[in-house]
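2 protein chains.
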Amino acid sequence: MGRRKDKIKLGAFLLFTGHHVAAWRHPQASVGTDFENYFELAKLAEAAKFDAIFFADGVAARLKVVEAASRKAHSGVYPFEPITLLSALSSVTRNIGLIATASTSFSDPYNLARQFGSLDRLSAGRAGWNLVTSSDPEAAYNFGHEAQILHADRYDRAEEFADVVLGLWDSWDDDAFIRDRESGRYFDPERLHRLDHKGRHFKVRGPLNIPRSPQGRPVLVQAGASGPGKELAARTAEAIFAAHITLDEAKSFYADVKGKLGAYGRSLDDLKILPGIFPVVGRSETEAQEKFEALQELIQPQVGLNLLSQLSGVDLSPYPLDGPIPSDLPVTNAGKSRQELVLDLARRENLTIRQLYLRIAGARGHWQVVGTPSQIADVMEERFENYGADGFNIMAPIMPGGLADFIELVVPELRRRGLFRTEYEGTTLRENLGLKRPVNRFAVSNAAAAE
Amino acid sequence: MGRRKDKIKLGAFLLFTGHHVAAWRHPQASVGTDFENYFELAKLAEAAKFDAIFFADGVAARLKVVEAASRKAHSGVYPFEPITLLSALSSVTRNIGLIATASTSFSDPYNLARQFGSLDRLSAGRAGWNLVTSSDPEAAYNFGHEAQILHADRYDRAEEFADVVLGLWDSWDDDAFIRDRESGRYFDPERLHRLDHKGRHFKVRGPLNIPRSPQGRPVLVQAGASGPGKELAARTAEAIFAAHITLDEAKSFYADVKGKLGAYGRSLDDLKILPGIFPVVGRSETEAQEKFEALQELIQPQVGLNLLSQLSGVDLSPYPLDGPIPSDLPVTNAGKSRQELVLDLARRENLTIRQLYLRIAGARGHWQVVGTPSQIADVMEERFENYGADGFNIMAPIMPGGLADFIELVVPELRRRGLFRTEYEGTTLRENLGLKRPVNRFAVSNAAAAE
Ligand SMILES: Cc1cc2nc3c(=O)[nH]c(=O)nc-3n(C[C@H](O)[C@H](O)[C@H](O)COP(=O)(O)O)c2cc1C
Ligand SMILES: Cc1cc2nc3c(=O)[nH]c(=O)nc-3n(C[C@H](O)[C@H](O)[C@H](O)COP(=O)(O)O)c2cc1C
Numbered sequence: 000m001g002r003r004k005d006k007i008k009l010g011a012f013l014l015f016t017g018h019h020v021a022a023w024r025h026p027q028a029s030v031g032t033d034f035e036n037y038f039e040l041a042k043l044a045e046a047a048k049f050d051a052i053f054f055a056d057g058v059a060a061r062l063k064v065v066e067a068a069s070r071k072a073h074s075g076v077y078p079f080e081p082i083t084l085l086s087a088l089s090s091v092t093r094n095i096g097l098i099a100t101a102s103t104s105f106s107d108p109y110n111l112a113r114q115f116g117s118l119d120r121l122s123a124g125r126a127g128w129n130l131v132t133s134s135d136p137e138a139a140y141n142f143g144h145e146a147q148i149l150h151a152d153r154y155d156r157a158e159e160f161a162d163v164v165l166g167l168w169d170s171w172d173d174d175a176f177i178r179d180r181e182s183g184r185y186f187d188p189e190r191l192h193r194l195d196h197k198g199r200h201f202k203v204r205g206p207l208n209i210p211r212s213p214q215g216r217p218v219l220v221q222a223g224a225s226g227p228g229k230e231l232a233a234r235t236a237e238a239i240f241a242a243h244i245t246l247d248e249a250k251s252f253y254a255d256v257k258g259k260l261g262a263y264g265r266s267l268d269d270l271k272i273l274p275g276i277f278p279v280v281g282r283s284e285t286e287a288q289e290k291f292e293a294l295q296e297l298i299q300p301q302v303g304l305n306l307l308s309q310l311s312g313v314d315l316s317p318y319p320l321d322g323p324i325p326s327d328l329p330v331t332n333a334g335k336s337r338q339e340l341v342l343d344l345a346r347r348e349n350l351t352i353r354q355l356y357l358r359i360a361g362a363r364g365h366w367q368v369v370g371t372p373s374q375i376a377d378v379m380e381e382r383f384e385n386y387g388a389d390g391f392n393i394m395a396p397i398m399p400g401g402l403a404d405f406i407e408l409v410v411p412e413l414r415r416r417g418l419f420r421t422e423y424e425g426t427t428l429r430e431n432l433g434l435k436r437p438v439n440r441f442a443v444s445n446a447a448a449a450e
Numbered sequence: 000m001g002r003r004k005d006k007i008k009l010g011a012f013l014l015f016t017g018h019h020v021a022a023w024r025h026p027q028a029s030v031g032t033d034f035e036n037y038f039e040l041a042k043l044a045e046a047a048k049f050d051a052i053f054f055a056d057g058v059a060a061r062l063k064v065v066e067a068a069s070r071k072a073h074s075g076v077y078p079f080e081p082i083t084l085l086s087a088l089s090s091v092t093r094n095i096g097l098i099a100t101a102s103t104s105f106s107d108p109y110n111l112a113r114q115f116g117s118l119d120r121l122s123a124g125r126a127g128w129n130l131v132t133s134s135d136p137e138a139a140y141n142f143g144h145e146a147q148i149l150h151a152d153r154y155d156r157a158e159e160f161a162d163v164v165l166g167l168w169d170s171w172d173d174d175a176f177i178r179d180r181e182s183g184r185y186f187d188p189e190r191l192h193r194l195d196h197k198g199r200h201f202k203v204r205g206p207l208n209i210p211r212s213p214q215g216r217p218v219l220v221q222a223g224a225s226g227p228g229k230e231l232a233a234r235t236a237e238a239i240f241a242a243h244i245t246l247d248e249a250k251s252f253y254a255d256v257k258g259k260l261g262a263y264g265r266s267l268d269d270l271k272i273l274p275g276i277f278p279v280v281g282r283s284e285t286e287a288q289e290k291f292e293a294l295q296e297l298i299q300p301q302v303g304l305n306l307l308s309q310l311s312g313v314d315l316s317p318y319p320l321d322g323p324i325p326s327d328l329p330v331t332n333a334g335k336s337r338q339e340l341v342l343d344l345a346r347r348e349n350l351t352i353r354q355l356y357l358r359i360a361g362a363r364g365h366w367q368v369v370g371t372p373s374q375i376a377d378v379m380e381e382r383f384e385n386y387g388a389d390g391f392n393i394m395a396p397i398m399p400g401g402l403a404d405f406i407e408l409v410v411p412e413l414r415r416r417g418l419f420r421t422e423y424e425g426t427t428l429r430e431n432l433g434l435k436r437p438v439n440r441f442a443v444s445n446a447a448a449a450e
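Just so you know, the protein sequences line up as chains A and B, in that order.
Per numbering that gives the first Met the number 0, residue 0 is the first one in the first sequence, and the count goes up by one each step.
Per numbering that gives the first Met the number 0, residue 0 is the first one in the second sequence, and the count goes up by one each step.
None of these hints come from the bench; they were simulated from the model.
Given the structure is predicted, the values throughout are model-derived calculations rather than measurements.
Take these hints with a grain of salt, some might be off.
[Claimed, not checked] Straight-line alpha carbon distances no greater than 30 Å define the calculated DSSO-like cross-link-like pairs of lysine-lysine that follow: (1) 202(A) <-> 202(B); (2) 197(A) <-> 202(B); (3) 250(A) <-> 435(A); (4) 42(B) <-> 202(A); (5) 197(B) <-> 63(A); (6) 63(B) <-> 6(B); (7) 435(B) <-> 48(B); (8) 63(B) <-> 435(B); (9) 42(B) <-> 42(A); (10) 202(A) <-> 63(B); (11) 4(B) <-> 48(B); (12) 63(A) <-> 202(B); (13) 63(B) <-> 197(A).
[What the hints assert, rightly or not] So the derived list for chain A, only partly shown, Cβ under 10 Å to chain B, looks like this: (14) 65; (15) 88; (16) 182; (17) 202; (18) 295.
[As the list claims (entries may be wrong)] Counterexamples of contact, computed for chain A against chain B with all Cβ distances above 12 Å: (19) 108; (20) 191; (21) 282; (22) 357; (23) 368; (24) 415; (25) 440.
Just so it is clear, CB atoms sit at the ideal spot from N, CA and C, and this is done for glycine as well.
The shape of chain A in the complex, shown without the other chains (with noise of 0.2 Å):
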């Protein structure tokens, strides 16, 4: 196999204080949940060429278990809405992607349609939808349903909520805003198109208003992993945002989804794979030991049997916390891979509760990767040439530091291998993340647009 022709794509997954469930009671992490605290790390992350900033974002605050809740700094309270954060980021930024998470479960797809095109023209082409189904079972409370949405529910929802925005953000040709003072004519009608849409779950005339944006679409990003999600993915998403812990996983994901892409007429360059990594980064591998165990000591046993909970969507708290994982789980209506993955490493490796908890609680269940910057180098290039990643979403365990660390120590040496950027592409997402500008399929010919 030759090298890979193209480069790594980086996201900076910016959860306030960190990563790490434990990274607020670090005494280095800020616990500021000021605009200016995100405003350092975005910048942080633009002066390293990193290709976006990603937000994560749930509907509810998660409170089954109150008593752990409190001793979280994520139990789904944010200090900001995504949306509204990476508008006030656009104006202060200029290169940086801008990526934000909204559930199809729990919004409206012409208000969607509209916040995302309007940041994308604020951004000047910067902006980007992960689209969720949303897996917490609380979020269902806020919006006026008895109990969770069942998650093939969700996901039928989610086709048609894909279909809907992407054809309301072909509303208008890009050209269709002509402003001829002269003759009258502030828009040409043949240039509006009227979505029209009947569905299952919406009805929608259209079209949306307000006019295309620049990157034709702001890019598509998804987050599921079972069945529905990866087909879904495949139809209409230009990237995915994974959690794979051991590269085979990752090789038969990424395998498994790019070769989707031809069904749906689509060639592999269309979407990009980019895995969460959990970085603990050290001078030596000593002192990532070191910072790793620092943050693992903070964990308090009610927040870690809480997290584990969460992920592996069953409460184990009935269970000896030094006993293991017991066989009979009954299977959930959450997120069916993310179960599976937390199982199955409990399972390889033969964990109690507790040792499982101390596994995934920095990086829930994501792939962490303790040591020098030449050995984190190492591991992400494999997984690169190797055709299980197109790039990483970097998730640092505390906040500033480990981001300044990933790109203090990290970046050079990928730089150094040719595997990254050392200056951006172009200027919109899409560029850097090298997808196409999309053609609005409704688009009155260039011949005619042309007279």
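Please build the complex by placing chain B with the ligands on the supplied structure of chain A, with the hints as guidance.
Using the frame of chain A, we list chain B with the ligands on its own:
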């Protein structure tokens, strides 16, 4: 009657290219629809110490008559969605209030409460929500409806929507997030409040997954003038954006709404009334008239007629353009107050359809004043001192020139008369508007909080 002790509040109503329907055709109007164009306007308003910038909004392109719509800059298609736009402006302004319109008919209370809460945090306390119920009949088609929602039903939903949002904004005490590294407690569970709302339209558990905002909550503005609109405002709003033409109309609206406050246990200062004013400023009367005529001449007949139909809620195109307004027009389901306002004007002044559209095309049902700086200051002062208004929303005819004219010529005149501030009184929108910071209804007592 003694002179009022408070000062005039000023909002800048930032409609791109200008408020006059034909502004975009004027050689001096900017037709730029980039972020930079808005940033320029926001900077102008902030340098002049305006209380706020204000954005109207709708969730549909108005396409009933595409031919006419395509000849207007304001056909319901906005360059940006206002919440994202104001978020982007929040990071590049310091003092000015940021008020966005959003509809209770076509959005969701949890998402809306969260985004405005986020904007308030991003701006360190400068956010306002202009609650509207959407009179535009076309919006319904983008949200699954077969026809416009009835006026009474829109207000029924709006009442409950406001309650849910206000309740969610009290989800957390101001000091709920203690972030105590030592004890491992991130928030105090006693200072978290679930809403558990169950009503006719909404079922929302809460809490909102964002901390309480710097102003306690964003300023609640409203813009509905019917009976139900005034009642909702008297109960919940802190500012009203209104449309009045005569001093008598303004005074009776003012007295009416302020008179309702007592019944809700509120005082006269708890609600500011800020009608729109469309000022055409000239250094001489002749210059002002010429400026106005130059705009009027640019109005295309289809556009004038279309606008009239939109504002009065009835299609007047079957009637002769130079004939009178028919007396047997049906009452519509759209904005009742707007319809009456427009038709009353026509009857009072015995106008033809063409004369009427020429009368309202500029100010669109708002108060139009064409004159010198001192003439304009005179009528503003008169309306303020006679309790017809607590301030005004300035609807500049063309942008940026019309706003710059008002700031350069009228604002100094208001200052000379001691009617307008020279420096911001506070740092939040509430402080500048002279509104109290609301107490959290659920908060644990101050004594307990101080433990
Ligand atoms: C890597 C990854 C990240 C995710 N991030 C979010 C998120 O930020 N917010 C959210 O509501 N759901 C998130 N999800 C959940 C998915 O959207 C989806 O609802 C859930 O995983 C169930 O779908 P699946 O079984 O296809 O994975 C994430 C899932 C994965 C795999
Ligand atoms: C001065 C004023 C400004 C308004 N601005 C908006 C707006 O920006 N967007 C909108 O959807 N509705 C707007 N409305 C409509 C109101 O929200 C309301 O839906 C409509 O007027 C019907 O209510 P009413 O009969 O109480 O006035 C406005 C109404 C008034 C009086």
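Results of checking the hints against the structure:
With a CA separation close to 23 Å, the supplied pair residue 202(A) and residue 202(B) stays within the 30 Å bound. Taking the CA atoms of residue 197(A) and residue 202(B), the gap is near 27 Å; set against the 30 Å cutoff, the hint holds. The straight-line distance between the Cα atoms of residue 250(A) and residue 435(A) is roughly 24 Å, inside the 30 Å bound, and the hint therefore holds. Proximity of residue 42(B) to residue 202(A) is assessed by CA-CA distance (about 40 Å); at most 30 Å being required, the pair is judged violated.
Under the criterion of a C-alpha separation no larger than 30 Å, the hint pairing residue 197(B) with residue 63(A) is consistent with the structure, at around 20 Å. This hinted pair does not check out: residue 63(B) and residue 6(B) have alpha carbons roughly 43 Å apart, beyond 30 Å. For the hint linking residue 435(B) to residue 48(B), the alpha-carbon distance of about 20 Å falls within 30 Å, and the restraint holds. Between residue 63(B) and residue 435(B) the alpha-carbon distance is near 44 Å, which puts this suggested pair outside the 30 Å criterion.
With a C-alpha separation of about 24 Å, the suggested pairing of residue 42(B) with residue 42(A) holds against the 30 Å cut-off. Between residue 202(A) and residue 63(B) the alpha-carbon distance is near 18 Å, which keeps this suggested pair within the 30 Å criterion. With a CA separation close to 19 Å, the supplied pair residue 4(B) and residue 48(B) stays within the 30 Å bound. At roughly 18 Å between alpha-carbon atoms, residue 63(A) and residue 202(B) fall within 30 Å of each other, so this suggested pair holds.
At roughly 20 Å between alpha-carbon atoms, residue 63(B) and residue 197(A) fall within 30 Å of each other, so this suggested pair holds. Taken as an interface hint, residue 65(A) checks out: its beta carbon lies about 5 Å from the nearest beta carbon of chain B, inside 10 Å. Satisfaction of the interface hint for residue 88(A) is found here, the shortest Cβ-Cβ separation to chain B being roughly 7 Å, below the 10 Å cut-off. With its C-beta approaching chain B no nearer than about 9 Å, residue 182(A) sits inside the 10 Å limit, and its interface hint holds.
For residue 202(A), the shortest C-beta to C-beta distance to chain B is roughly 5 Å, which falls under 10 Å, so the interface hint holds. Below 10 Å, beta-carbon pairs count as interface contacts, and residue 295(A) has none with chain B, the closest being about 14 Å; its hint is therefore violated. Non-interface status of residue 108(A) relative to chain B is broken: a Cβ of that chain comes within 12 Å, the nearest being about 9 Å off. The claim that residue 191(A) is not at the interface with chain B is violated, since a C-beta of that chain comes within 12 Å of its own (minimum 7 Å).
Every Cβ of chain B is farther than 12 Å from the Cβ of residue 282(A); the closest lies at roughly 26 Å, confirming the non-interface assignment. The beta carbon of residue 357(A) sits about 16 Å from the closest Cβ of chain B, which is more than 12 Å, so the claim that it is off the interface holds. The Cβ of residue 368(A) sits about 26 Å from the closest Cβ of chain B, beyond the 12 Å cut-off, so the non-interface label holds. At the 12 Å boundary, the C-beta of residue 415(A) stays outside the reach of chain B, the nearest C-beta of that chain being 35 Å off.
Taking the minimum C-beta to C-beta distance to chain B, about 19 Å, the non-interface status of residue 440(A) holds against the 12 Å cut.
This entry does not satisfy hints 4, 6, 8, 18, 19 and 20, going by the numbered hints stated previously.
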